[in-house]
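Trainee: Residue numbers (the numbering used here), protein chains in the order written: chain A, 3 to 109; chain B, 9 to 102.
Hints were generated in silico from the structure; no laboratory data involved.
Do not rely on the hints blindly, as some may be mistaken.
Some chain A residues flagged as far from chain B (calculated, every beta-carbon gap over 10 Å) [as the list claims (entries may be wrong)]: (1) 55; (2) 68; (3) 75.
Taking CB as the label site, the calculated pair distances span [what the hints assert, rightly or not]: (4) A:37 with B:24: 44 to 50 Å; (5) A:61 with B:76: 36 to 42 Å; (6) A:53 with B:64: 17 to 23 Å; (7) A:9 with B:69: 33 to 39 Å; (8) B:55 with A:98: 28 to 34 Å; (9) A:94 with B:50: 15 to 21 Å; (10) A:25 with B:12: 44 to 50 Å; (11) A:11 with B:75: 49 to 55 Å; (12) A:87 with B:26: 27 to 33 Å; (13) A:65 with B:85: 22 to 28 Å.
For every residue, glycine included, the Cβ atom is placed at its ideal position computed from N, Cα and C.
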Amino acid sequence: MADRTVTRAHLTEAVYQEVGLSRNESADLVESVLEKISSTLSGGEGVKISSFGSFGVRMKGERIGRNPKTGEEVIITPRRVVVFRPSHVLKNRINSSLGEAATRRAT
Amino acid sequence: MTKSELIAYIAEKNPHLFHRDVERIVATLFDEISAALAAGDRVELRGFGAFSVKRRDARIGRNPRTGETVRVEEKHIPYFKTGKELRERLNGKR
Numbered sequence: 003m004a005d006r007t008v009t010r011a012h013l014t015e016a017v018y019q020e021v022g023l024s025r026n027e028s029a030d031l032v033e034s035v036l037e038k039i040s041s042t043l044s045g046g047e048g049v050k051i052s053s054f055g056s057f058g059v060r061m062k063g064e065r066i067g068r069n070p071k072t073g074e075e076v077i078i079t080p081r082r083v084v085v086f087r088p089s090h091v092l093k094n095r096i097n098s099s100l101g102e103a104a105t106r107r108a109t
Numbered sequence: 009m010t011k012s013e014l015i016a017y018i019a020e021k022n023p024h025l026f027h028r029d030v031e032r033i034v035a036t037l038f039d040e041i042s043a044a045l046a047a048g049d050r051v052e053l054r055g056f057g058a059f060s061v062k063r064r065d066a067r068i069g070r071n072p073r074t075g076e077t078v079r080v081e082e083k084h085i086p087y088f089k090t091g092k093e094l095r096e097r098l099n100g101k102r
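Just chain A, same shape as in the assembly (with noise of 0.2 Å):
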């Protein structure tokens, strides 16, 4: 398993390579992909994507906390928050790769 990093740069040239626009605009519509799922998201507003995810918003009420350094509780306000739900789709793709390479291990 290559544990690799991958970021923006990589998604810009995935999208240079596939569409032949220039980098500079392949970046763009990166971040404006990001950027629309993101305001979408703030405004309350969930994302699905078919065969690869939903992104939804949930709130969260407010809870005691504890602060793990001092051990002072402290209240934590209410928030939203991002769920990722993973389609079958990304689900079964994942397994059959790194479960393969699990098996594989194994013997």
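We have chain A already, so just place chain B on it with the hints.
Mentor: Below, chain B alone, put in the same frame as chain A:
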């Protein structure tokens, strides 16, 4: 918002691009993330979030209806951690 609505929005913002090219751009982006995860790699998009793969060990599960024990194989699940900027935007900090 669905993938096709996202594509429609990007196409509208970029009238010089063919609609099918915008479809390819959006598909390439998510396919690249999927491929990275399938290779066991991590995808880090600053300000947006990071995708990674977590391993769930094999375990003995139970069918809740019949009480029957079943062996659940080791599996990998994709995981998303929201980026700092997006987390703050969601909570009105900017």
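Trainee: Of all the hints numbered above, which does this structure not satisfy? Sort the numbers upward.
Mentor: 1, 4 and 10
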